[in-house]
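Chemist: Sequence:
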Amino acid sequence: MPVSGDTLLRMIRAAGFEPPEAPRVVGIDDWAWRKGQRYGTIICDLERNRVLDLLPDRNADTVASWLERHPGIEVIARDRAGVYAEGARRGAPDATQVADRWHLLQNLGEALRLAVGRHRKAVSAAGKAMASEMAGNAEAEPEPPVETSSKLDCLRQSRRNQRSEFYAEILQLREAGLSPRQIAPRIGMNVRTVERWLAAGGEPEHRRPPSRSVLMDPFRDYLEKRWEEGQHNGLQLWTEIKHRGFEGSRATVYRWTAARKERSSTTPPNSRWRPPSRRNCAWLLSEDPTSLDEQTKRFLHHLHENAPELSIAGELARRFAAVIRGDDDAGLEQWIADATGSELASLAAGIGRDIEAVRAAITQPWSTSPVEGQINRLKTIKRQMYGRAAYPLLRSRLLAAA
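Quick note: the sequence shown, position 122, residue 122 per the UniProt record's numbering, numbers continuous.
No lab work stands behind these hints: they were computed from the structure. Even glycine gets a Cβ: it sits at the ideal position worked out from N, Cα and C. Some hints here could point you the wrong way.
Below 20 Å or equal to it, Euclidean Cα-Cα: the simulated DMTMM-like pairs (lysine to aspartate or glutamate) are [to be verified]:
1) K121 x E305
2) K121 x E133
3) K242 x D217
4) K382 x D30
5) K242 x E262
Restraint-style ranges between C-beta atoms, simulated for each label pair [to be verified]:
6) W102 x M189: 23 to 33 Å
7) H301 x G352: 45 to 55 Å
8) E74 x P392: 44 to 54 Å
9) A200 x S249: 41 to 51 Å
10) M385 x S4: 12 to 22 Å
11) A330 x D57: 33 to 43 Å
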């Protein structure tokens, strides 16, 4: 019986998708209707790894109402958003809330980046100290001699021998009276290749194109002369030597001018040292110092001299990461006390307000990672719909797929 598309959509919207069994452990996370502007909420059964529901907004009242309609939930894994903590507290007050470890480490990284941003002058000063130190220690090193690759030469010779064998076989078959069209399938070559080899009287020798240095050689004296006269514009130099017969590209001349500028620079190459970005600097502070190279260690030494607060923040960050990645929460309260007066004070205050959920994150196996996987599935379905259907159909399609 023929059915219209509207009828199918109406049937999908009317279908009920209630979980067959009451969930015990759920994960809650947000998903984007429009990134940075409007968000919804997804709720998953972490024991069965399936989507339970899709909520149209990211609101504590909506989450609390859903939890009240589903009694029996014992564990709620969530990110550290305040709306989900409040919604879980109101909708399932007896449930254990579990903060997500990945989000805790993300919060740590953001707190470190903010701390580095507050001390950007110290980072710049450490970078200048490194540049001065390296300029003083810079020594000219001779360029290593260019070695030819014997392995590459052997490979080229092997291919030449293979072509010679093919050509000998072609000649043998040709003398036996076979046509190029009959020879080609026997030796696995294209018929036009066989015809070309026979017409040429031998297998072709693959010639390599001239290197950039060969192309530039006849014009180097002229370029050096123009450079000394003050002409450093790559496009102008390329135009001039093109009129003199140069067949290379502008990029070849640009590379020559870049190398020439490097040679003309009065600053030794080793002294050009740029301090890391705020993100990379935060990462270096949180890394185990024994795993860093000597140059990075010297930079951090200069940074700690200019901003000892960042040294303390880095040590606290490593301690917090070790606690979160472990399975013992014994050091958590002491860490909060130590971090309260540091650059990570804001993070410590937030951890203190959510300490029970953070303890559960350390001691329990639950996280919102499976929910992230379901969000990826939701994104796929959402893109398939090209924005032409509203929340009810999107929810029905996701729950039907689950």
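Chemist: So, for every hint listed, does it hold in this structure?
Modeler: We went through each hint and held it up to the structure:
no.	hint	verdict
1	K121 x E305	holds (12 Å)
2	K121 x E133	holds (18 Å)
3	K242 x D217	holds (14 Å)
4	K382 x D30	holds (15 Å)
5	K242 x E262	violated (24 Å)
6	W102 x M189: 23 to 33 Å	violated (56 Å)
7	H301 x G352: 45 to 55 Å	violated (32 Å)
8	E74 x P392: 44 to 54 Å	violated (30 Å)
9	A200 x S249: 41 to 51 Å	violated (30 Å)
10	M385 x S4: 12 to 22 Å	holds (18 Å)
11	A330 x D57: 33 to 43 Å	holds (39 Å)
When held up to the earlier numbered hints, the structure conflicts with 5, 6, 7, 8, 9 and fits the remainder.
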